[in-house]
Amino acid sequence: MLDINFIRENQDKVKEAIKHKQLEGTVDVDEVLALDKDYITLLQEVEELRASRNKLTDAIAHAATTQRLALIEEASVIKKELTELEPKLTALKEELDAKLLWIPNIPAEDVPVGEGEDQNVVLRQEGELPSFEFTPKDHMELGEALAMIDTQRGAKIGGFRGYFLANTGTQLHRAILQYALDFLRQKDFTIMEVPWLVKPEHFIGTGYFPWGEEDHYSVQDGLALIGTAEVSLTSYYADEVLAENDLPVCLAGISPCYRREVGSYGKDTKGVFRVHQFTKVEQVVLLPEGEELSRQWHEKLLSNAEEFLKSLDLPYQIKLMCTGDMGASQRKKYDIETWFPAQRTYRETHSDSYFLDFQARRLNMKYKTKKGEVKYINTLNNTLAASPRLLAAVMENYQEEDGSIRVPNVLQSYMNGLEIIR
RNA sequence: GGAGGGUUGGCAGAGUGGCCUAAUGCAGCGGUUUGCUAAACCGCGCCCGCUUUUGUGGGCUCACAGGUUCGAAUCCUGUACCCUCCGCCA
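Just so we're aligned, residue 241 is where the first sequence starts under our numbering, counting upward by one.
Hints were generated in silico from the structure; no laboratory data involved.
One or more of the hints may lead you astray.
Claimed, not checked - Taking lysine-lysine and the DSBU-like style, the derived pairs with C-alpha atoms no more than 35 Å apart in a straight line are:
{"#": "1", "residue 1": "K277", "residue 2": "K510"}
{"#": "2", "residue 1": "K439", "residue 2": "K253"}
{"#": "3", "residue 1": "K253", "residue 2": "K610"}
{"#": "4", "residue 1": "K333", "residue 2": "K427"}
{"#": "5", "residue 1": "K610", "residue 2": "K333"}
{"#": "6", "residue 1": "K427", "residue 2": "K439"}
{"#": "7", "residue 1": "K253", "residue 2": "K295"}
{"#": "8", "residue 1": "K333", "residue 2": "K295"}
{"#": "9", "residue 1": "K277", "residue 2": "K328"}
{"#": "10", "residue 1": "K550", "residue 2": "K377"}
{"#": "11", "residue 1": "K396", "residue 2": "K427"}
{"#": "12", "residue 1": "K319", "residue 2": "K277"}
{"#": "13", "residue 1": "K396", "residue 2": "K507"}
{"#": "14", "residue 1": "K328", "residue 2": "K510"}
{"#": "15", "residue 1": "K259", "residue 2": "K295"}
{"#": "16", "residue 1": "K540", "residue 2": "K253"}
{"#": "17", "residue 1": "K507", "residue 2": "K339"}
{"#": "18", "residue 1": "K320", "residue 2": "K259"}
{"#": "19", "residue 1": "K253", "residue 2": "K319"}
{"#": "20", "residue 1": "K550", "residue 2": "K510"}
{"#": "21", "residue 1": "K277", "residue 2": "K427"}
{"#": "22", "residue 1": "K339", "residue 2": "K615"}
{"#": "23", "residue 1": "K319", "residue 2": "K259"}
{"#": "24", "residue 1": "K333", "residue 2": "K615"}
{"#": "25", "residue 1": "K259", "residue 2": "K377"}
{"#": "26", "residue 1": "K510", "residue 2": "K396"}
{"#": "27", "residue 1": "K277", "residue 2": "K608"}
{"#": "28", "residue 1": "K540", "residue 2": "K615"}
{"#": "29", "residue 1": "K277", "residue 2": "K339"}
{"#": "30", "residue 1": "K328", "residue 2": "K259"}
{"#": "31", "residue 1": "K608", "residue 2": "K333"}
Let the sequences and hints guide you as you build the complete structure.
Have a look at this one:
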């Protein structure tokens, strides 16, 4: 959520952001500002009435009995007016707040303007692509041959995009995730198991709702299944006021992630690349305000993920996302794409964003500065490891001609010392 | 699923219709005073307007939402959450 004062004073910037983020038609800034104006006008009217009522009730309390009746009579008139105006005020405020939820964050200055993924910018590529003296197989072919992945029965039991992992498949998947958790533990992140079912207000708070409601599964008790641990982790201190000394807060969460993937029916139907349920280790950082600081940490979270991928010897590229391909609440976003040899291309495995106070305003999450001022926290997050997508990347990059798969050095201790899967 | 108890500022804790504009204590931060430190004293949330450094007037705030009343922390109804017990359960 943007500060209403900011919207009043920077209408053009807000309109431009809506246009550049391809959100035209979802919200009308002029309409919001008109509502805001009506609200303030009515608010002032109501507050004046309340002021006179307060004066009268005070007078009644101190008046002689003989004068009381007349004063009460007078107060009743004001009461009647307030009874009429107050519900209007509430309704106006609700309408305004609901519309404000649709106003996106403003992209940072260095985010390229673009309509979609074609305008994203590759910043650099890291790691040496593996060279195979044979045609590399995709993870599905490898996984079936080694009995690591079973999507046939996955679909039979879990429907479209369902999957089972088995034996070394289960082990390697869990090794990646446990290694990721240990990796962040060493970097002084607090590693957390988080609620997977979360109240809608925290999806709104983190900026997934209202925009992405149809991408989520909701359950009959009014909760929804998280698509990322970010939702639970970023909301952890919602409605609280932290001390400045508590910051930065570095949280790492592991959780299943549920995604309906409604817009992608025909895409990536083979294997376990795009599934409705996967597991992810996520980094979330809470900071004091300041764009420079957020930008430093944005790079730091990126380098955490890079260090992780390098330790696994996986080649990747960094993409700077253009305005049209970033989330409504994000200020700037990098994707890391990891090399998938069978597809001969880099595919998204990580997403690194910062938000300034956009999420914290929605979550009512503040901190008190050393001087005693209360300010909104700034938030960021990045993936560290999402699997089975990363499992697929490891399998494809580490395959041998005979269809076996080497276990990356850093994962061997998580696999009882196993060096090769055959 | 059932029964009972509870929720007051950062924390503790008083307050059962009108000097509650929420006592008191503790902590933190800022300020005043001051050789230094300490002590003492003053202040501390949110919203709106006017001034826009300061300031100033008003409104709101006792879990949340309604209701009763001229007036609600206080009375009534509903909801959420916490605690205890019964039932069920990995």
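Against the structure, the hints come out as follows:
1. K277 / K510: violated (53 Å)
2. K439 / K253: At roughly 32 Å apart (the allowed maximum being 35 Å), K253 and K439 satisfy the hint.
3. K253 / K610: With Cα atoms ~32 Å apart, K253 and K610 stay inside 35 Å; holds.
4. K333 / K427: violated (44 Å)
5. K610 / K333: holds (33 Å)
6. K427 / K439: At roughly 30 Å apart (the allowed maximum being 35 Å), K439 and K427 satisfy the hint.
7. K253 / K295: Judged against 35 Å, a Cα distance of about 44 Å means the pair is violated.
8. K333 / K295: It holds: about 26 Å lies between the C-alpha atoms, which stays within 35 Å.
9. K277 / K328: Judged against 35 Å, a Cα distance of about 14 Å means the pair holds.
10. K550 / K377: holds (22 Å)
11. K396 / K427: Distance ~41 Å between K396 and K427 Cα, so the pair is violated.
12. K319 / K277: Between K319 and K277 the Cα gap is close to 24 Å, so the pair holds against 35 Å.
13. K396 / K507: holds (20 Å)
14. K328 / K510: It is violated: about 54 Å lies between the C-alpha atoms, which goes past 35 Å.
15. K259 / K295: The given pair, whose Cα atoms are some 49 Å apart, is violated under the 35 Å limit.
16. K540 / K253: holds (28 Å)
17. K507 / K339: holds (33 Å)
18. K320 / K259: violated (45 Å)
19. K253 / K319: violated (42 Å)
20. K550 / K510: holds (27 Å)
21. K277 / K427: violated (48 Å)
22. K339 / K615: holds (24 Å)
23. K319 / K259: violated (46 Å)
24. K333 / K615: holds (23 Å)
25. K259 / K377: At roughly 42 Å apart (the allowed maximum being 35 Å), K377 and K259 break the hint.
26. K510 / K396: holds (15 Å)
27. K277 / K608: holds (31 Å)
28. K540 / K615: holds (23 Å)
29. K277 / K339: Within the cut-off at roughly 14 Å; holds.
30. K328 / K259: Judged against 35 Å, a Cα distance of about 32 Å means the pair holds.
31. K608 / K333: holds (27 Å)
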